[in-house]
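Participant: Sequence:
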Amino acid sequence: MVITERLKKKMRVLEIPIWGGYLRSQWEAHFAAHLSEQDKENIFLNGDGGYLWHLFSYRRTDCLEKEEAVQAFMHESKGPCFLFYQHSDYALRLEHAANLTIDDVNNQSDIYIVSADFSWTLVITHEKDWLGPYFSRIPL
1 MVITERLKKK
11 MRVLEIPIWG
21 GYLRSQWEAH
31 FAAHLSEQDK
41 ENIFLNGDGG
51 YLWHLFSYRR
61 TDCLEKEEAV
71 QAFMHESKGP
81 CFLFYQHSDY
91 ALRLEHAANL
101 TIDDVNNQSD
111 IYIVSADFSW
121 TLVITHEKDW
131 LGPYFSRIPL
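Just so we're aligned: 127 in full-length UniProt numbering is position 127 of the sequence shown, and the numbers increase by one with no gaps anywhere.
If you're looking for bench data, these hints aren't it; they were derived computationally from the structure.
Just so you know, not all the hints are guaranteed correct.
Straight-line distance between alpha carbons at most 27 Å, and here's what the computed DSS-like set of lysine-lysine pairs gives [as the list claims (entries may be wrong)]:
| # | residue 1 | residue 2 |
| --- | --- | --- |
| 1 | Lys128 | Lys10 |
| 2 | Lys128 | Lys8 |
| 3 | Lys128 | Lys40 |
| 4 | Lys66 | Lys128 |
| 5 | Lys66 | Lys40 |
| 6 | Lys9 | Lys128 |
| 7 | Lys66 | Lys10 |
Work out the full structure, taking the sequences as your base and the hints as a guide.
Facilitator: Written out as structure tokens, the structure reads:
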């Protein structure tokens, strides 16, 4: 993938091509743990036509949006991160991601960047002019 080559110029990148499903389930377990299965169904979090980022667009948890989300991401201390997609099992582990910028991923859609400890996430949707990007932290 083109993004992999671009990121490899800035940081160590480990391709983990079958981890997408696992990372999506971990993301849901960390960021949507407060929702019941019925709530998840009501906002189309999973399944056909579902998106994990509906957690934010349906206002089911606190997040920053648009420019505020970008600024929070840029100011976040970034160590190891995962990068994965909504509709693909392709994923990356980014080591020493301090140099990761929004410009590195802005041409992607339905992409999730999450810290290795799942304490924060940045999501860029396919609805770029309408919904997102979103940034959220797990309350400590």
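Participant: Now, for every hint given, state plainly whether the structure supports it.
Facilitator: Now for the hints, and whether the structure bears them out:
With a C-alpha separation of about 25 Å, the suggested pairing of lysine 128 with lysine 10 holds against the 27 Å cut-off. The suggested pairing of lysine 128 with lysine 8 holds, with an alpha-carbon distance near 25 Å, which does not exceed 27 Å. As the CA atoms of lysine 128 and lysine 40 are separated by approximately 23 Å, the hinted pair is consistent with the 27 Å bound. Straight-line distance between C-alpha atoms of lysine 66 and lysine 128 comes to about 9 Å, which keeps the hinted pair within the 27 Å bound.
Taking the CA atoms of lysine 66 and lysine 40, the gap is about 23 Å. The hint holds against a cut of 27 Å. Restraint check for lysine 9 and lysine 128: satisfied, since their Cα atoms lie roughly 26 Å apart, inside the 27 Å limit. Using a Cα cut-off of 27 Å, the hinted pair lysine 66 and lysine 10 holds, with the two alpha carbons roughly 25 Å apart.
The structure agrees with every numbered hint stated previously.
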